[in-house]
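Student: Under UniProt numbering, the first residue of the sequence shown is numbered 1, with each subsequent residue one higher.
Quick caveat, the hints were computed from the structure, so don't treat them as lab data. Errors might be hidden in some of the hints.
[Said to hold, decoys possible] Here are the simulated DMTMM-like pairs of lysine to aspartate or glutamate, each with C-alpha atoms no more than 20 Å apart in a straight line:
| hint | residue 1 | residue 2 |
| --- | --- | --- |
| 1 | K78 | D25 |
| 2 | K38 | D25 |
| 3 | K38 | D109 |
| 4 | K38 | E83 |
| 5 | K38 | E116 |
| 6 | K38 | E103 |
| 7 | K38 | D55 |
Computed from a predicted structure; not experimentally measured.
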Amino acid sequence: MNWSTEACEAPGVGNTQLCIQLAVDVQIPMCFGGLGDKALYIDTEGSFLVQRAVDLAQAAVDYYGLLAEDAQQQEALKELTVETIFSTVVLVRYHDYVELLAEMYLLADFLAQHPEVQLVVIDSIAFLFHHCFDDLSQRTRLRNSLAQQLIQMATNRNTRNVIFLVG
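Please take these sequences and the hints and turn them into a complete structure.
Tutor: Here it is in structure tokens:
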């Protein structure tokens with residue numbers, strides 16, 4: 001399943017929290033119905049709050065601890081800790097649209113070298129472009145080009161790659 005999703009909501013309604021939750025959830029072991037994979041989290045706003053991420057990771061660990069019924073699930077819980085969750089999220093911070101565009105050219109190679117990364121979160125694409133361009137048409141062209149690159153990357157990969165875009 002190769003797909004991409006874009007979520008556009010007003011600021012303050014939980015976009016970043018949703019992105020962090022997805023970065024945690026992609027790591028849920030397969031024996032619990034999860035993917036057991038890793039995430040690349042690209043933060044453009046500086047809104048990735050470590051304490052919030054720790055809270056979400058701890059909640060996931062606690063929840064699946066309550067669900068564990070068989071030996072396979074009990075064994076998987078040994079590997080599902082807050083520490084292991086954060087050791088498998090690659091967090092990158094970009095400060096301007098040039099850095100983000102450069103990353104898009106390198107992303108396909110990164111994903112090829114790290115096939116365990118099955119979720120790419122970009123929080124947020126719009127933020128960098130809104131502050132750097134007065135020309136609406138140029139800003140729109142660049143954002144559309146970036147979206148096309150991401151869709152093509154998701155479509156061309158032979159894995160269950162999800163590219164999640166926020167705002």
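Student: Hints first: check each against the structure and report whether it holds.
Tutor: Comparing the hints with the structure gives:
no.: 1; hint: K78 - D25; in the structure: holds, 16 Å
no.: 2; hint: K38 - D25; in the structure: holds, 9 Å
no.: 3; hint: K38 - D109; in the structure: holds, 16 Å
no.: 4; hint: K38 - E83; in the structure: holds, 13 Å
no.: 5; hint: K38 - E116; in the structure: holds, 6 Å
no.: 6; hint: K38 - E103; in the structure: holds, 18 Å
no.: 7; hint: K38 - D55; in the structure: holds, 18 Å
Figure legend: structure checked against the earlier numbered hints; every hint is met.
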